[in-house]
Amino acid sequence: MRCLPPSNLPVYIISKRNKDIYFFSTFLRNNNNIVSKMSIDIYKNKVFSTKDVVDVSVNNRELKLEPSSFKDCFYKLNESRKSIEDLEKIYHTYSISEKWEVENDKIMDSEKEEKNGIINNVNHLAYDVVELRCLYFFFLINILRFKNALDLNLIRNVCNSINNMQVSNKSSKIVYLKNNNSLYSEILKNFLIENIQKSGKSEYNINDFNVFVNKNIEKTSLMFLNFYRITSSCKYLTCCLCNILELFNINTDVLFKNSFNNNINNSNIQSINILISKIKWMLHDSKIDKDKEISKNFGPNLLLFLYTQSKLDDDGEYFLNTINHNFKNFIEKSNYDSAEDMNSISSYVNILCKNFNHNFKEHIKNMISIVSKILPLYAEKLSAFISTNEYIGNGHDSLKRPPFSGITFASNVNVNNSKKFLTELYESEYLKSIENHIANIDGLSELEALKKLYIIFNDLLILLTDICINMNIMYDIKSYNKALSQVMKNKKVSSCVYNIGAGCLEFKNFLYSIVSETYDTSEIKQKNKLLADKLFYMLRKNFSAYKYNKEISEVLMQKNVNFNLKVPKGTKDFTGEDMQLRNVFFQFIKNKFLIHGGVEIDTPVFELKETLIDKYGEDSKLIFDLKDQGGESLSLRYDLTVPLYRFFNTNNLNTLKRFHIGKVYRRDEPSMNRGRFREFYQCDFDIVGKYDTLKADFHILHIFWDILTNLKNVIGNFICKINHRKILEFMLLSSNIHKDKVKTVSSSIDKLDKITFQQFRDELLNEKGISVDSVDKIEGYISKTLSLSPFLVIEFLRNDLNESKFDENYKKEMNDVINYLEQIFELLKHFNMLNQFSFDLSLARGLDYYTGIIFEFVLLSDTSLGSIGAGGRYDYLIRNKRKEYIPSVGASIGIERIITIAEDVVRKKMTQLLCSENNTSGDNASSNANDKSKLNLKDNEVEVLICNTNKNAFKQTIELCKKLWKANIGAEFVYFSDQRLQKQFSYALEKQIPLVIIIGDEIERGIIKLRELTLDKSRSGGEKEIKVSECVQEVKNYFSSNLPWKQNIMKILFGSTK
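In terms of the numbering used here, the sequence shown has 878 at position 691, counting the first letter as 1, and numbering is strictly consecutive.
Hints were generated in silico from the structure; no laboratory data involved.
With a straight-line Cα cutoff of 30 Å, these simulated DSBU-like cross-link-like pairs (lysine-lysine) come out: (1) Lys1142 to Lys1214; (2) Lys737 to Lys474; (3) Lys759 to Lys465; (4) Lys238 to Lys814; (5) Lys796 to Lys877; (6) Lys999 to Lys877; (7) Lys665 to Lys746; (8) Lys712 to Lys734; (9) Lys998 to Lys802.
What follows is a set of in silico ranges between Cβ atoms, one per label pair, in the way DEER data are often shown: (10) Lys483 to Glu797: 40 to 46 Å; (11) Lys1095 to Phe944: 32 to 38 Å; (12) Ser740 to Asp478: 29 to 35 Å.
From a predicted model like this one, the values you see are computed outputs, not experimental measurements.
All C-beta atoms in this analysis are idealised placements derived from N, C-alpha and C, irrespective of residue type, glycine included.
Between the sequences and the hints, there should be enough to build the whole structure, so can you do that?
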C-alpha cells in the first residue's frame, strides 16, 4: 500500500529516496488563512478558458462540482482493465521506500541538493505547489474531454484533491521529479491511482489510464504556467524600468520618435504601440529634468527592450491560447488515438518554446546590460545620501510619511566606504550571480531552459525592485524634509513626494504596500530605517512578480488624468447633418442594387484571421488584428469580398447575386481630406455562380456605370480603366519577368497612379532586382498603348501575341482572352458607353484573388483622389461545401470619396441658398452662410413643428403629432417650459423646419393656425387658420407645391427627386 503523509501538517515537503532516484509528492495546507472566494464550476461539456487555469493554479480558486450534469455518465470496465497493484507496477522505474522526510519552510538550494545526494548527472525537474495545481487541473481538463470515460466519483475526488492543495503566501516549496524518457508521467500516475482508490475502485481500464497519465500533459502544463509567469512578469518589468528611468533622470524620447515603431511591415507593431502607450502613461505628467548625457548610453537598450518585450507578449499570449484551444476539443470516439494527438501538441509547443527561449534570453541579457549601467549611478546616489545621515525625525500630521524614516546598513560599514560596499554587493554579488546563471542555460532541454530563464528573470526583477524601493525611499525622505521645512515656515506646500510620472507614482505606492503590508519588515529595518543590504534577500525569499498580475495591470491601465479625448487616427465622427447626407447616398445606391436584382446580406465586422490571410498580397500587412480574448485569432475585415467567400461556404450556397453595404478596416496611412480613412464603408455588388462570363461581367460594369452616371452632378466626368489579369501576366512574361516575380512586379505596377514612372523604375531595379531590359519592355508596353482606343490596344496585343515565342496552347488561351475583351468593348460601344471606358495595361489591382477582368473607375477632374469604384473577376476564391470553386465577379463603390466630394457640392449650393435669403434674414443666417465648415443641412427629417401658447394643451399637441406621424409626416414639439412663440419659432428656423402649427385658445373651437417659416419673410406664405380635422391634408397640399427637404437635396445631387 502507498504511504500517505499526515494531513495535519501545515506546510511541508515530503521526499523518498533510493540511491540517486527521487520521487517527491507535495501537499501544502494553509489552515490559518482560509479566504472566502468564488469557485469555478465543473460540469459536463465545460469549456475551460486560460483565465480558469490561472485562477485555479495561481489564484487558488476552488473547484465546485455540479454532479447533476454527469447523471448519464457511468464508467464501464472492459476486458483491458487492470488491478491497482498492476497499475502501480507499470512504468515504475524505482522502488518506493516507506520512509518520509519532512522539511518545514525550506528550499533545497544547490548545497542541500548535494548533501542529499542529488547529483548533476540525474535529470530532474522542479515543481512548486502552483505548478502542481496547474498540472492536476490540466489532468482534470483532459479527463473531462473523453465523454465515454467520464467517472463522477473520480472527478469528484480529483476536484477535492486540487482544492486541498493550498498555495502558501510564503516562499515556493520545490519538488524534484525524475525526468525519464517514459511516455507516461510518474507523478500523474500516482495522482490518478490515489484518486481511483479514494473512489472505491480496485480496477481501472488500462487504455483510459494510459491516456490520462500521458507525459505530454505534465510537459504542457509546466510550459503553460511558466509562459503565464513570464508574460505577467514582463508587465511588472515595464513598471520597474519606467520607475528606474524616472529615478535616474533618463530621457525616453527615443522610444516615441523612432520610425521603427510606425513601420507597418513590423510584425508586432500593434504590441509595440500598446507597450509605448503604457510607457507614456507611466511617465505621464513627470516633473523630472532629464540628463541628456546619461540618456545617450541607454538609447539602444531601450529600443531593444521595446522590441523584445512586445515580441514576448505576442508569443506568450499566442502560446497560452494555443494550448487552451487544443484542450477544448471533446472526444467521443472510443478508438481515438490520444497519444498521437498529445505528441502533435508536444511537437508544436516545443517549436514555440524554442523560439520563445531565444527571444527571452536576449531580453534578459539586454536588461542585465541596462542594470549594469544603472548600478554605478545607484551606488553613487545612495552612498551619498547615506553619508549625510538624512532621516525624518519629528514629522507633521499634515504630511504623509514614507514607510521608512531613513536608509542605513545592517553590516558595520564605514560611511566613507559605502559606495565601495554597495558596488561590491550589487555588482559583484547580486548581478554577477544572475550573469553566471544565464551563462549555464545552454545544453538544457527547452522546458528546463524555460523554467531556468524564468527563475533568472525573477531574480533580475527582484534586483530592480530592490533598487526602486531604495531610491524611492531616498527621494521621498528628501521631499518630505523639504516640505516639512516649508510647513514650519507656514508656507504653502504642494507635495511632499518626489514628482515622478503618474503611473510611476502608482507603482511606487504599490511597492510600499507590498513591503509594509505583505511582508514582515522586522528583518529589513532598524529604528525604522531601511536596511539597504537586507532588502534583496527578503524579496528573494518571498517575491514573485507574476502573483501581482492583477495589481500591475491596474497600474498600467491609463487613467483619465488630463486626458484629451479624440477620435482614433483615420476615423471621424458624423453629425446629424452628415448622416442625413450619407443616408441619401446609401439609400440611392441600395435602390440601384435592388433594381438590378441584388440580394442584401450582412456579415460580422471581424472574421477568423486565417480566413483573411494570404488573400491580399502585400496589402495583408494593412489588416487590423484583434487582441485575442477567447481562444480565436480574429481580424477586422479588410474588404467585403473575402467575408462573402466565407458566407457562401458556411451557408452552403451554389449561386448568389448579392450586395453588401458595410464598414471595413485598413491599417493604412489615412488622408482624411481625400476620403481615405482607416474605417470606412464599402458598397459591394457580386455575382457568384457558374454563369456565362461575358454576361455577368458586362452586367457588373453596367451597374456601376449606371450609378456613377447618375452621380455626375456630384463627381463630374469619369472614366473606367479595364484590364485583364491574363493580359497583365502576358505583358510581364513577354518582358522576361520570371513567373515567380509576376505578383511582386504587378504590385509595383498597381502604384503607377500614385508614383512617377521614375519611382516605378527605381523600385523594380533597386528593390525587386528586375533587369533594365525587362523594365524598359514593361514601360514600352504601357507607354505605347496609353493613348490608344480600346480596339487599337486589342489589335496591338494580337500582333504582339502572334510575333511572340510562346507555345501554341498559351497563344490560344491568350487569343480567347483578347476575343472576350473585344466582345466587352463591342457591347459598351453598342450601348453608347464606350467613351467612358479605356483599355489600360498599367491597371494591375493589388488583390491576389483576381483571375480575369479587372477595372477601376477614376475621376477625370481629380486623378489624385484615387478610384471611386473598382472590381474584377475572381474564379478561385469562393468554394462551396463540396470544395468546388465557384466563378465570381464583383465590384465596390468608393462611397466615402464620393461623399467627400458631395459635401463640397452641397456646402456651396446651400451657402448660395442662404446668401440669397440674407437680405431680409438677419445675422443668424449670415453667420451660418459664412461658416464654411458647416453643410447647412437639416440634422433630422422633421417638416412640421407643433407650437402652443396654452400650457394646458399638451394632450392636444400629442394628438396632432399622432395624426401627422400616422400620415408619415415628420413632426415634433419642443420641451421648453417657456411657452413664448418667438422662442419656438427660433427653434424651427434653426432646425430648418418650414411649417409650424400653432395651438392657441382657438383649439376649443377645433381651430389651429398653420404658418410657413422662411428666413426671407417676403417669400413666406403667411399664416392661416385651419380646422384640426384638415391638418394632415393642408400639410400635404403645402408639400405638393414645395419640395420637402430630402427631395430638394436629391435634386441638387442627382438632378431628380427620385
